[in-house]
Each structure stands twice: as structure tokens, then as C-alpha cells.
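The task is simple: from the sequences and hints, build the whole structure.
Here the numbering used here is used: the first residue of the sequence shown is 1, the next is one more, and so on.
Keep in mind that the hints were calculated from the coordinates and are not lab data. In this text, a Cβ means the ideal position worked out from N, Cα and C, and glycines have one as well. Warning: the hint list may mix true and false statements.
Restraint-style ranges between C-beta atoms, simulated for each label pair [claimed, not checked]: (1) V98 with G294: 20 to 30 Å; (2) G294 with E163: 41 to 51 Å; (3) T169 with H239: 29 to 39 Å; (4) E302 with A176: 37 to 47 Å.
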Amino acid sequence: MRLLLCFLIAASCDGPRTAQPETAETEASSASEGNDSTLELPTPEAFARTHDRFDSYWYQGVAELSRYELTQSRYGDTHEGEAVLIFVTEPFLPDAQVKHESGDHESVSVLKINHYRRFYTGIYPYTVMTSAFQPVSGEAALKVATSVQEWCGHAFTQLNRREGAVQATSHSYFQAEGDQTDTLDDVPFEDALWSQIRRDPRAIPTGAQQMIPALYWIRFKHRPLAAYDAEVSLTEGDHLTLEVRYPALGRTLRIHAQTNFPHAIDRWEEEDAEGTTRARRTRAILTDYWSHNGAADGAYREALGVH
Numbered sequence: 001m002r003l004l005l006c007f008l009i010a011a012s013c014d015g016p017r018t019a020q021p022e023t024a025e026t027e028a029s030s031a032s033e034g035n036d037s038t039l040e041l042p043t044p045e046a047f048a049r050t051h052d053r054f055d056s057y058w059y060q061g062v063a064e065l066s067r068y069e070l071t072q073s074r075y076g077d078t079h080e081g082e083a084v085l086i087f088v089t090e091p092f093l094p095d096a097q098v099k100h101e102s103g104d105h106e107s108v109s110v111l112k113i114n115h116y117r118r119f120y121t122g123i124y125p126y127t128v129m130t131s132a133f134q135p136v137s138g139e140a141a142l143k144v145a146t147s148v149q150e151w152c153g154h155a156f157t158q159l160n161r162r163e164g165a166v167q168a169t170s171h172s173y174f175q176a177e178g179d180q181t182d183t184l185d186d187v188p189f190e191d192a193l194w195s196q197i198r199r200d201p202r203a204i205p206t207g208a209q210q211m212i213p214a215l216y217w218i219r220f221k222h223r224p225l226a227a228y229d230a231e232v233s234l235t236e237g238d239h240l241t242l243e244v245r246y247p248a249l250g251r252t253l254r255i256h257a258q259t260n261f262p263h264a265i266d267r268w269e270e271e272d273a274e275g276t277t278r279a280r281r282t283r284a285i286l287t288d289y290w291s292h293n294g295a296a297d298g299a300y301r302e303a304l305g306v307h
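Below you can see the structure in the form of C-alpha cells.
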């Protein structure tokens, strides 16, 4: 386990401003900043040319942000929207299962994903956010949390892996779901596969296994929060394609990542009986986004292409 490594050099959402990563590459996402200046930020592909190892890429005090054009399946129809995948390393307290921010405690380094998506169903919007905390050592993901907000109400689910089991807590405005706690089998999380791809896609176990499906999908379909039989495969061609299929649920997830490090995710599909959700990457940058929260920092949003 790393002891406070990324506490010193990894990104912190409350930390001081840090310099942008240095790169000699000219490939960058650009946006106008003010009236006569241009904001240039490295893309994952450009940055990886001079930072081609896990540590040199992920421990630079910045996050990787990728914006996707989203077509979300919901209510038997498809809805236009956008998604953003935010990857960043940070120190994590394995017992409390929160970010290590102060005190003399032993922490582990995790590659965290914040998976954000937003779309409209007719008049009203959906906002979905999933966070997964994957130790860079390769051990099983320690925590996943998902929130879903829309105009009917909101719901929240959290999974914590402790002592050979998964502790589940969920809250919902639906009467049949309400507030629940449960203990689930110690199995992998689908929501952590995204970070595992970025860490080492070829280390992901394949074949028949049990897995807890994406928490947002469980919410959308009002399925029991449980482990389900899954078939996992990894194929290599122009891209690496990780496929997860749940025969009993009729759900299939395919994530298409670049073959070479840092295995950026270019697109994905989710299929079930209701339809197909698709996402395609349109822009990606590296930056310390938490430092750019002022009214004058809109150029960073433009560089990422978010609306």
C-alpha cells in the first residue's frame, strides 16, 4: 500500500492551485479565454507521449476529464444528453472509506472515477453521478456510490467492501424501496470496471462470475440490489472491448478503450430490453479542475466542450 503518496502529489478538490502538466506536444483542447488569449490543455493521448507510465501519468496533481455525446435509453425512448468521466488519483482511508485529508493515518492510493451524465426526458432532466474507488494496487474496489436526481425526487445508493462482505445502504423516494440496509456477497462492482480498464485492462478477470450491476441501472429498472450472474470478456483489435453480459437481466455493457496506455475510453454501449444507450467521446483534457471554479474560468468548460 502506498502511504500518503498521492496525499502529497495527487489532486485535491480543496487543494491549492497547481500548475498545468508540462508537455511539449502541440495536440491540445483549446478554447478562447477572454478576448485575445487561447487556453491550451493537453489531451490524454498527447500527455501520454511524455508520461507513458502509470505513476508519471496519474500522479501529476491533475485530473483527466473526458466529455461524451450521450444518447440515453429511458422510458422506451432515447434522449440526447452528455456524460463526463473524471479520473483522478487520491489517498483513501480503507477503514473509514473516505478521502484522507488530514491526520496521521495509513491510506491507500485509489484511482477514482466520477461518472456524470445528464439528459432530459421530455420536460424534465435527469442527473446521475457515480463514484467508484479502485485501489491502484489491483485489489477489489472498496466503495461505490450513486445518486440519481430528477423532478420526481432523488435516490442514493452506497456500497462499502469490508471484512469479506459488501455493506449496502440505499435511500429512495419510492415507497417500495425507501430506506434500506443489507449485506451482499463479496463480488466485483460493474461500476469499478471503468477504473480497472484505466489501470490495466488485461488484469480484469474474465469468464463466468457474479457481479453487482451498475447502481444507476439498478435504480432505473427497480431491480433488487444484489449480485447477478455475469459473463465478462475482453477482446483486442483496433480497440480493447470489455463486454459484461447479464443473461438473467438482459443487460449488456460494452466499453471500448484504446489499446495503448493510458487506455482512454472512446465510447460505450449499454443494451437491454428497453433500448440501447450510447456514448462517444468528443473532447478530453487534463487539468486541476477544482482550482478553476471562478466566474472567469468558463474557458475551461469550453475546452472540455460541456454545456
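Evaluation of the provided hints:
1. Restraint check, V98 to G294: a C-beta distance of roughly 27 Å satisfies the suggested window 20 to 30 Å.
2. In this structure the hint that G294 and E163 lie 41 to 51 Å apart at CB holds, the actual value being about 44 Å.
3. In this structure the supplied range 29 to 39 Å holds for T169 paired with H239, their Cβ-Cβ distance being about 36 Å.
4. Between E302 and A176, the C-beta spacing of about 43 Å keeps the proposed range 37 to 47 Å intact.
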